[in-house]
Amino acid sequence: MPASPRAEAAVRARRFWPWLLLAPGLLWLLGLYLLPLLGLVPLSLSEPLSRFGLETVFRGRLATYLEVLQAYGPILWRSFGYAASATAIGLLLAYPLAFAIRFRGGRWQPLLIGLVVLPSLTSYLVRAIAWTSLLGDNGPVLALLQSLDLTAAFNGLGLLRDGRLLNTPTAVILGLLTNQLPFLVLPLVLAMERIQPCLLEAAADLHAGAWRRFTQVVWPLSRPGLAAGILLGLIPAAGDVVNPLFLGGPNERMVANTIDNLLLVQLQAPRAAALTLVLMALVTLAVLLQLRGRGLDGLPLP
Amino acid sequence: MPAQLPLPSSQSGRRLFLQRLAATAAGAVLAPTLLQACKGSGSGNGNGSGELVMSTFPLYIDPDAPGAPGSVSRFRRDTGIQLRYLEDINDTRQFFARIRPQLAAGRPLVQDLMVLPSWMAQRLIGLGWLEPLPLAQVPNIRNLVPYLANPPWDPQQRYSLPWQSGIAGIAYNIKATGRELARIDDLFDPALRGRVSALLEMRDTMGLLLLADGQDISQPTWAAAQPSFARLEQARKDGQIRRFTGNDYQNDLLAGNLAACIGWSGDVAQLVLEQPDLRFVVPESGGVLWSDVMLMPKGAQHRREAAAWMNWVYEPVEAARIAAAVQYISPVVGVRQQLAKDPATAALAANELMFPDGAMQQRLHSFGPLSESEEARWEERFASITEG
Amino acid sequence: MNRIGNVLLAASSALTFALLYAPVAVTVLFSFNAPRGRFNLLWQGFTLANWRHPLGDPALTEAFLTSLALALAAALLAVLLGGLMALSLARARLRGRRVIGLLVALPLTNPEIVLATALLNLFVGIDLPRGPLTLLLSHSLFCLSYAALTLKARLAGFDPSLEQAAQDLGAPPLEAFARVTLPLLAPGLLAAGLLSFSLSFDDFVISSFMAGETVTLPLYLAGAFQREISPQVQVLTTLVLLVSAALLLLATLSGMPTLRKAVDLPRRDPFGRP
Chain A
1 MPASPRAEAA VRARRFWPWL LLAPGLLWLL GLYLLPLLGL VPLSLSEPLS
51 RFGLETVFRG RLATYLEVLQ AYGPILWRSF GYAASATAIG LLLAYPLAFA
101 IRFRGGRWQP LLIGLVVLPS LTSYLVRAIA WTSLLGDNGP VLALLQSLDL
151 TAAFNGLGLL RDGRLLNTPT AVILGLLTNQ LPFLVLPLVL AMERIQPCLL
201 EAAADLHAGA WRRFTQVVWP LSRPGLAAGI LLGLIPAAGD VVNPLFLGGP
251 NERMVANTID NLLLVQLQAP RAAALTLVLM ALVTLAVLLQ LRGRGLDGLP
301 LP
Chain B
1 MPAQLPLPSS QSGRRLFLQR LAATAAGAVL APTLLQACKG SGSGNGNGSG
51 ELVMSTFPLY IDPDAPGAPG SVSRFRRDTG IQLRYLEDIN DTRQFFARIR
101 PQLAAGRPLV QDLMVLPSWM AQRLIGLGWL EPLPLAQVPN IRNLVPYLAN
151 PPWDPQQRYS LPWQSGIAGI AYNIKATGRE LARIDDLFDP ALRGRVSALL
201 EMRDTMGLLL LADGQDISQP TWAAAQPSFA RLEQARKDGQ IRRFTGNDYQ
251 NDLLAGNLAA CIGWSGDVAQ LVLEQPDLRF VVPESGGVLW SDVMLMPKGA
301 QHRREAAAWM NWVYEPVEAA RIAAAVQYIS PVVGVRQQLA KDPATAALAA
351 NELMFPDGAM QQRLHSFGPL SESEEARWEE RFASITEG
Chain C
1 MNRIGNVLLA ASSALTFALL YAPVAVTVLF SFNAPRGRFN LLWQGFTLAN
51 WRHPLGDPAL TEAFLTSLAL ALAAALLAVL LGGLMALSLA RARLRGRRVI
101 GLLVALPLTN PEIVLATALL NLFVGIDLPR GPLTLLLSHS LFCLSYAALT
151 LKARLAGFDP SLEQAAQDLG APPLEAFARV TLPLLAPGLL AAGLLSFSLS
201 FDDFVISSFM AGETVTLPLY LAGAFQREIS PQVQVLTTLV LLVSAALLLL
251 ATLSGMPTLR KAVDLPRRDP FGRP
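Chains A, B and C, in that order, are what the protein sequence lines are.
The opening residue of the first sequence carries number 1 in the numbering used here; numbering runs sequentially from there.
The opening residue of the second sequence carries number 1 in the numbering used here; numbering runs sequentially from there.
The opening residue of the third sequence carries number 1 in the numbering used here; numbering runs sequentially from there.
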């Protein structure tokens, strides 16, 4: 039977409506994300015309990248190092908590998850300011360590610097860690949702101890949660600005501070663009390593 | 097939209604606040309202106290001019980065007046981004202290009018250091390791170090600065210097995180009221004398109001009130006599940091000018130290 | 699990919560402090005066309201655009689905400084002055990704047969969607909206590049160290905390979709019976 014009129109509309729905959002993403990002490439290969003017001239200058890597390579290394340390310690804390929420939480699960998320709903600048009070030379944390006579030991371990906690790498990593925690715990809980308690019971019945139950059951099945946590935790941490600024000193500056300084203080936009793209490349590498063909659909993003 | 079917239309209709209500409420809340946000801080179109907008550093004027309105309130009351006094300049270079895109594109700023260091004034004058001040309408300019008239950065006194001057020196907590400090070398004392800070204001920090190195900072040279740069860098790497700060060295001094630092004379004078153990000293090798000046960006619209403000703050009575609060070096003649009249402020009239006599003036030095390319080199070297 | 294991589990969880709540507790505590000077960072004495005047710092209040308005606008925009995208990605069999999904998710994986630098370069290049408009554009962008992904996940776990049933009963597609799917999607929309709101409200890095002369709350706080940290900072933060806690409690008690529904697992007992 020949299709009526109205049916044909309906069929055509049905093919177009997905794209119609996508259009505004896609416009946003292309215009405000992809194109500006690509626009950094020619900027990074340009030179400023004058010191205080905004114009740059494209010269195809690759040397900028070499200069940037040479001058700021150590800072990039440090940034990922701090972020990785914070994520590693964070995971050590997040796994037990996620396990407890999933398998011991019962009907309190939503409430417990809410409690984990609640602090991140307050301004993280206010929390950083609060940490400066807590970790200050006359603050409670240091006083506690002194009363427990742990100062010398921590000094030796490098956790304190001359008996100070504020403006040290420890303080910065601590700040990065507490910022990340909710984003590490949540995906792990979601991932562990897929683990039925009966699996753990079965493993116990087969005489597997607690450690083996973890390594053979929990760990493999919660790997997507781990990947999500690293994506949502480590990568933003590497680009953090506030924690090194408030809790660190000039020896603890991270790459985002440097980009900020290059752009706003030294007024060197091409260098800033080059460093930004280098950071972007490293981040993309980290993301690809995490995804490894799995695709984002497989990740339990909250 | 799930066990539950959605409830009948009355419930989903109610939900839709609630959604629409929420959306309308959000819009009702949103619109006025968004309008307020746009109005109160629109950039790129100048300042079309009747407000006089001034950006300056914090801690730079007498604040409102219960029963005693501050200068801003009194000015508003006396003249009827709506003054918007913004203490939003934390770091001169960052402020410059904020205003650069506008001024470079030839667009006016929100501000009609800004208070910035003289070296920034020189840069802005050179770039042509300033309006000449309406000094013809400021009769009180005759009260400007002679040694600040026609300064090197503005030889014809057209673009700038001094706000306050001050001294960069050593601020310290005598209980924390355990002794009196007198020399820049004291900041590098290993006993104070990790409890010392320096300023991000390059000319103040490097000026003091160069003076301690016996150099003449009225004509600073790159070669002469290298040993001082190296010394500073080493101190930073060793952990001698805890932080590089703007105005926020005050918090750390008060909280006990700093024992000694490079700071500014007026700030410390104000902090002593809170923490009596604090001291300020001009180093033996000399202190750095700086001036902050009032400037008008190109395209500013409220010239009459700006002139009224400048005239008002150059009235000796008002200038004395400001000086008593901030305790910096006032550019207005007659302030000393005003302060001496009032028993509450008489002691300040004898303060050598506010009214430096001949001997003190010998110990104070101004940082000389740097050419554009020189400045870029210095800034880059300094940034490599302060930014790690 | 044996006793030691359980003790370790409890101890570790307690430590984690302590780390999470230490700065929050300090903030709440200091909202009751009577500071001597301009910086509410040292404990001086207990007072209720700050709570009687929560709006006592006009510059802070103005920044707070600016952030509020901006976050509302950005969240609405993000949920709208993101919702449309999510609908399309979850329901339709598009050919470029994976690529588009990647594009949506990509902004999430970048540190904020990357977006900030790119956007600053864009706006300087097209000569768009920094202010409320650039703030709204940039905030709605990163919220869009979160909103789209959240809603896509919610829609993925959705049973399309409900809507089909409505259509079988004679309702046109749009009405079927509006009267069946949309109400059931409401909790997801709210969640995406709240998430976008909090992301925008708390944004610092992108705002510091995009704000121009506009002062949002995080920007105000960043400069506060140089200027003044009034007790109202801690008071307002505590208020935000209380409101958020109340909303969370409400969401939990009103039976919003639990995690099970979000990951599309029907309730089963240990023996696999629904």
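Simulated from the structure, these hints should not be mistaken for laboratory data.
Beta carbons are placed, not taken as given, at the ideal position from N, Cα and C, and that holds for glycine.
Certain hints may be false.
With beta-carbon atoms standing in for the labels, derived distance ranges [as the list claims (entries may be wrong)]:
id : chain 1 : residue 1 : chain 2 : residue 2 : range
1  : A       : Leu69     : C       : Leu253    : 52 to 58 Å
2  : B       : Glu180    : C       : Leu249    : 53 to 59 Å
3  : B       : Glu352    : A       : Ala88     : 52 to 58 Å
4  : A       : Gln196    : C       : Leu249    : 27 to 33 Å
- Could you check the hint for me, namely that Gln196(A) and Leu249(C) are 27 to 33 Å apart, CB to CB? This hint holds: roughly 29 Å between Cβ atoms.
- With 52 to 58 Å as the target window, see if Leu69(A) and Leu253(C) comply at their CB atoms. holds (54 Å)
- Pairwise beta carbon distance, Glu180(B) to Leu249(C), judged against the given window 53 to 59 Å: For Leu249(C) against Glu180(B), whose Cβ atoms are near 58 Å apart, the range 53 to 59 Å holds.
- Glu352(B) paired with Ala88(A), Cβ distance criterion 52 to 58 Å: holds (56 Å)
This entry satisfies every hint, going by the numbered hints stated previously.
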